[in-house]
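What follows is each chain in one-letter form.
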Amino acid sequence: MAEENKAEALKGGEFLIKETNPETVFIPEDINEEQKLMADTVREFVEKEIMPRLDAIDKQEPGLTTSLLEKAGETGLLSTSIPEEYGGIGQDFNTNTIIAMEMGPSHSFGVSYAAHTGIGTLPILYYGTEEQKQKYLPKLATGELKSAYCLTEPTSGSDALSAKTTAKLSDDGKYYILNGQKMWITNGGFADILITFAQVDGDKFTAFIIPTDSEGFTRGEEENKLGIKGSSTRALFLDNVKVPKENVLGEIGKGHYIAFNILNIGRFKLGAMTTGGAKRFISVAVQYANERKQFGKTIGSFGAIKHKLAEMAIRTFVSEAAILRTSGLINQRVEELKAQGESYSSALIKAAEEYAIESSIMKVFGSEMLDYVVDEVVQVHGGYGYSEEYPAARAYRDSRINRIFEGTNEINRLLVVDMLVKRSMKGRLDLMTPAMGIQKELLSIPSFGEEPEGLLAKEMEAVRKAKKAALMVAGSAVQKFMQKLGEQQEIIMNITDMVIEIFAAESAILRTLKFANKNGEAAAKYFVDMTKVYVSEALEKINLYGKHAVSAFAEGDELKVLLLGLKRFTKFDPVNVIKLRREVADKMLEENKYCF
Amino acid sequence: MKIAVCVSHVPDTATRIKVGDDGKTIDQTGVTYVVNPYDEFAIEEALKTKEALGGEVVAISLGGDQNKETIRKALAMGVDSGVLLKDDSQRDSLSVAKALAEEIKAQGAEIVFFGKQSVDYDNSIVGQLTAELLGYNSVTVAVSLKIEGDKVVAEREIEGGKEVVETTLPVVITAQKGLNEPRYASLKGIMAAKRKTIEEKPAAEFESKVEVIRMKKPPEKAPGKIVGTDASAAAELVRLLREEAKVI
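As they're listed, the protein sequences go chains A and B.
Offset between the first sequence (1-based) and the working numbering: plus 1013.
Offset between the second sequence (1-based) and the working numbering: plus 218.
Because the hints were derived from the structure by calculation, they are not lab data.
As the structure is a prediction and not an experimental result, all values here were calculated from the model.
Backbone N, C-alpha and C fix where the C-beta goes; we use that ideal spot for every residue, glycine too.
Incorrect hints may appear among the rest.
For lysine-lysine, the following DSS-like pairs were computed, each having C-alpha atoms within a straight-line distance of at most 25 Å [what the hints assert, rightly or not]:
1. A:LYS1310 x A:LYS1363
2. B:LYS435 x A:LYS1600
3. B:LYS316 x B:LYS304
4. A:LYS1049 x B:LYS242
5. B:LYS434 x B:LYS242
6. B:LYS439 x A:LYS1538
7. B:LYS443 x A:LYS1600
8. B:LYS443 x A:LYS1310
9. A:LYS1306 x B:LYS439
10. A:LYS1600 x B:LYS434
11. A:LYS1049 x B:LYS443
12. A:LYS1049 x B:LYS434
13. B:LYS236 x A:LYS1606
14. A:LYS1351 x B:LYS412
15. A:LYS1306 x B:LYS435
Not everything, but these chain A residues come out facing chain B in the computed CB check (under 8 Å) [stated by the list, open to error]:
16. ILE1044
17. ASN1045
18. GLU1046
19. GLU1057
20. PHE1058
21. ILE1102
22. VAL1434
23. CYS1608
Using the sequences and the hints, build the whole thing.
Dropping the structure here:
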C-alpha cells in the first residue's frame, strides 16, 4: 500500500461519517504470490484430507480429527499467527484472513481448527507470560497439544461475566483450586489444555490455563448436535482441580479483557470462514444447475434458478469485499503499531479492538449470508438437496451454528450500537457533529444538485446519503431515550441493520471501483452488475429499517420530519435487477462455478 | 548428485477452455494456470531421490514469465533452485526438448524427472525426446522407482498390466500417477522458497517443425442410449452394436 494512502485509513466505526478512497481498500486482486501459494496449500489440504473424510469426521471416528489437526500442524496451518520465536511462521493479518477463508468450506473440521488456532491459542500468545508462551506455543503450532476455550457455563451464555466457576488460592499460596462446569466446549473431547475462565474470590473474573490431565477434571458425553456433528462438543467438569498459580493467564480480575478481545478476532475470522464456505457451496449449486435437466432443459436456464444463483453470488461477493476491507484496516493498524514499537501481541489486540464494530458487523453479515446461501443451495437441488447423497444437506445444517457462537447475532447487533454510542460519548468517534448537521439539513429545502456522473457514482452518492439516514435515526433515538436506549432492543437492531447495509454496500462499491481503476470498466462488468443490485436493494432495506425505528419513538410533526428525511436520504431510482441478476447467473453457468 | 525436474505450467483442468479469436491458440481470459499435475509426481520423486541419495534438485521450465509460478511451487515443495528458459512463442515438442536437453547438460544432471505428459497438449513426448537427445536411458510412465548406485529398477505401466525394467544412470524418468503421493508445499516451505533463486535466461532457439494451423473443440458427444433393462433388450443391443456402432 502506498505511503500517501496510509494516512487515509479510517478509525473503527468512522466509515459511518467519512469516505474511503477506493485505492486504500484491500481486495482479492491484491493478494500476493506468496499468499496465493499459501491459499493453494490450504485448498489442497481441504480437498485431499478433509473432503474425502467428511462422513468419517461427522461420525467422530476415534482419533481422526486429532490426526488431521496434527497433519495440519505439519503443513504449517496451525502456526500462521504464531511468531517464529515460538515455533510458528508469523504471517501478517491479511495472510491469516486468506487462510481462514480457504478453511471455510471444511465443515466440522473447520470448527475444530478455528477453536484450536483462534480462541484456543491466541489468549496465550496475546496475554501469556514469556514462560507460558515458550511452554505452550511451539506445541500448539505443531498440533502436539490441542486446545479448547472454556467461557460458557450452563447458566452463563451471552452473559459471560456471570460465570459461576470459582478459583481459590490454596493455603500455601502455590495453587488455585477450581470448581465448576463449562458447557458447549468445542474440542472438549480431546483438548490437552483449556483456556478457562473462573471467578477468583467470588468476583475477580480470571483466565487460567488448565492441563486436562489434572486430577479432578472430567469430560461429559458428546453433545448430539443439529450440525457440525464432527466437531467435538462437550460439557467439562472441574472438581477441585488444582493448578499451579503460574497457570493464571493475564492478570487476576482481568479475564474479561481476554475474553472480549479474543472474541473480536474470533468474530472477524467467522466472517472470513463463512465467506470462503459460501464461495465453494455456490459452485456446487451452479454445477448442479448445469447438469440437472427438467422440461428438456438444464434447470440453470430457468429464471427462477438464475435468480437464486445470482443472489447467492451477490451476497458472497459483497461479503468478501467487506471482510477483506476490514482485514486490510486491521492489518494496516497492526503494522503501524508495530512500527511505533508496540509488541506483536499488543499491536494485534489494539488493532482488533479498534475495528471491533466492523468485526461484529462481519460476524452477523457473514453468518446470515452463508445461511441464505446454503438454504438456496438445497433449494436449487430440489429433492436431492434433502438427501445425504448430495453435499447440500451437510452445508445446510453445518451453517446454522455460525449465527449462534462467537456471540449470537443478536448480541453482536446490540454491541454495534453500544460501541458506536460509547465511542461517541468518549469523543473517540465524532458522531455528534455530523448528526447535528443532518438535523439542520432536515429543516432546510433539499438542493437539487446535478446527477453525479462516473462509474457507480450514483451508488456512491446513495450510500453517502444512507449514512445520513442512519445518523438521523440513531441520533434521534439517542436524544429520545438517552441512557435508556439499551432497553429498546428492537430499535437498536434496526439501527444496526442500517449500519450493516451501509458498510456492506460501500465495501462492494469500493472493491469494484478499485478493480475497475486497475483493470478497466469492461473487466469489471460483473462486479458492477452485482454492486448495482446490492446497493439498490440495500437502500430499500435501509429505508424500511429506518421507518420501523422512527415510527416506534416519534409521532406527529417530528415523525413527519423524520419520515421525510428518510425518504430524502434513501431515494434511489429503480434498477433492472432482473436483467443484472441474469447476467451474473449466466456468467457463472458458463464458467460452471462461482467465478468472482 | 544433480537431479533435474522439468515442469510445465498448464491451464487448470477444471477450466473451461475456449479457442481464441485467431483460431490457433486458447483464449487466456479467465484461465487459471497450475503446475502440470503429472509434474507434481515428478517433483515428489525428485525430492525423494535427493533425500535417499543426497545432492540437489533443480527445477527447469520453458515458457513465459508466468511459468515462474510453477517453479516457485516446486521450490516451495523443497526443490533447491529453479531455471526459467524464457520463451513466449509456441514451440513444438522437439524444439522444447532440445532446449531442455541443452540446459540439463549444462547443469550436469544425471537423473531427470518429467511428468509422463503435460495436460495442455498431451503429446506425451518431451521426456523421451530429451532422453534421446542427451543419450540417456529412459523409463516412461513409471509407477515405482528404485535407484541404487548406478542401477535403476522401475515399474512401468503397460497395456493391461505392469512391467519391471532395469537400466543404469544417467536416466530420464517420466512419472505416472501412483508413483508417489506428492507432498504439500508447507507454509514454511513457501516462505523458504522466497530466498531461493530462479535463474532466468533465454531458451536456446530451435526451429519448430510443427505448426498449429487450427484449433477446435472436439464435437459434442452424442448422448447414450438405454435400450432396455433386462435380457429382452439383448437382441436390440446386438443389432445396434452391429448396424449403428459397427463394432461387432
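| message | Can you confirm whether the C-alpha distance between B:LYS434 and B:LYS242 stays at or below 25 Å? | response | 8 Å, holds
| Can the restraint linking B:LYS316 and B:LYS304 be considered satisfied, given a maximum Cα separation of 25 Å? | Between B:LYS316 and B:LYS304 the Cα gap is close to 14 Å, so the pair holds against 25 Å.
| field | Pairwise hint evaluation, A:LYS1606 against B:LYS236, where the allowed Cα distance is 25 Å at most | value | Roughly 16 Å between the alpha carbons, so the hint for B:LYS236 and A:LYS1606 holds.
| query | Given A:GLU1057 as an interface hint, is the shortest Cβ-Cβ distance to chain B below 8 Å? | reply | With a minimum Cβ separation of about 6 Å from chain B (threshold 8 Å), the hint on A:GLU1057 holds.
| message | Would the hint linking A:LYS1310 and A:LYS1363 be met if the CA-CA limit is 25 Å? | response | Not satisfied, since the Cα-Cα distance of roughly 55 Å exceeds 25 Å.
| said: Does the closest beta carbon of chain B sit nearer than 8 Å to the beta carbon of A:CYS1608? | reply: This hint holds: A:CYS1608 lies near chain B, its Cβ roughly 7 Å from the closest one there, short of 8 Å.
| query | Taking 25 Å as the top limit, are the C-alpha atoms of B:LYS435 and A:LYS1600 close enough? | reply | 20 Å, holds
| message | Given the hinted pair B:LYS443 and A:LYS1600, is their Cα-Cα distance within 25 Å? | response | Outside the cut-off at roughly 31 Å; violated.
| message | Tell me if the straight-line CA distance from A:LYS1600 to B:LYS434 falls inside 25 Å. | response | Holds - the C-alpha atoms of B:LYS434 and A:LYS1600 are around 22 Å apart, at most 25 Å.
| Interface hint compliance - A:ASN1045 to chain B, C-beta minimum distance less than 8 Å | It is violated, given that the least Cβ distance between A:ASN1045 and chain B is near 11 Å, above 8 Å.
| request: With a cut-off of 25 Å on the C-alpha distance, tell me whether A:LYS1049 and B:LYS434 pass. | output: Not satisfied, since the Cα-Cα distance of roughly 32 Å exceeds 25 Å.
| query | Per the CB criterion, is A:ILE1044 less than 8 Å away from chain B? | reply | Since chain B brings no Cβ nearer than about 13 Å to A:ILE1044, farther than 8 Å, the hint is violated.
The structure fails hints 1, 4, 6, 7, 11, 12, 16, 17 and 22 (numbered hints given earlier, in ascending order).
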